[in-house]
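Q: Given next are the chains, with one letter for each unit.
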Amino acid sequence: MDHEPPPETPTICCRSNFVFIDRVAMEPMDIVGRTKEDASLPKATMTKIIKEMLPPDVRVARDAQDLIIECCVEFINLISSESNEVCNKEEKRTIAPEHVLKALQDLGFGEYVEEVYAAYEQHKLETVDTVKTGKWSNVAEMTEEQALAEQQRMFAEARARMNGGATVPKQPDPEPQGPQPPQPSLNT
Amino acid sequence: MKRPGTYSGILSGGISGRTGPHLLPLARIKKIMKKSNDDVKMITGEAPIVFSKACELFIEEITKRAWNITLQGKRRTLCKEDVASAVITTDIFDFLVNLVSDSAKSEESQLTTKA
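As they're listed, the protein sequences go chains G and F. Each residue of the first sequence is one higher than the one before, counting from 1 in the working numbering. Each residue of the second sequence is one higher than the one before, counting from 1001 in the working numbering.
Among the chain G residues that face chain F by a calculated CB cut under 10 Å, a handful are:
#1 I49
#2 I50
#3 V58
#4 Q65
#5 L67
#6 I79
#7 S80
#8 S83
#9 A118
To be clear about the criterion: a stretch of chain G counts as covered by chain F if any three or more of its residues have a C-beta under 8 Å from a C-beta of chain F, and this derived list gives those stretches:
#10 87 to 100
#11 104 to 110
Hints are computed from structural coordinates only; laboratory data are not their basis. Don't be surprised by glycine CBs; every beta carbon is placed ideally from N, CA and C.
Required output: the full structure, derived from the provided sequences and hints.
A: Structural data, given as structure tokens:
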């Protein structure tokens, strides 16, 4: 009997609960009812997040960590379902961030909305093509604060790109610089 | 895939005080979303990002509430029961009540089988 591979790209799952047939992780039709083990969040990452929230000398029992992870997965399930409902009501076919934010609001997690939205906006800024050269003059659409923040961000990214090599000297001068910030001299 | 620079994480961390942009793997989140509901259609690429942040906030809330309970008990180790209590005492965590009581029940049954 042939097993049809799942339509999406098969992924190699690191959890041993999945059944592998021909290196393809089987969708858990055969693991009916084991909802909490189906797809979970990486333990190490979760542990790190949990520990960051607490004072450094605090210990977290292993079973407590596991429970928090399960709760988080359940949270995603809940918000997903609600987002799906919101999406349906708007007669859209794709779940978009706006639907998720509305879902959070509807389910009582309205306090999260502001921060989540801010993080989303930040992400949008960061993934827009950041090689905006020589556009510091005539940036009439930005306020001074925004321009300054944008500048800081770009310098920071330039620093990050040079990480490991020579560092870019700080340039607080907001005048247009030209294509690249001046490289440290490597003349012999 | 373009990753935000190290320092931009610090810039964005000013809001929540946390470093690092997206700690949770977006692919995993997407997988959970798809499994949550057979009816789920397509998901934009940005939706998992929103989820990632929401999860962080959720973890923060549940961890801190559980930790308060640990402190009330004058302990330094956060244990499962603290998490369960945090869930039970928080209205918006009602959807988790079954989950925590299930795990409590399975623990109980393990204890009774051992006896």
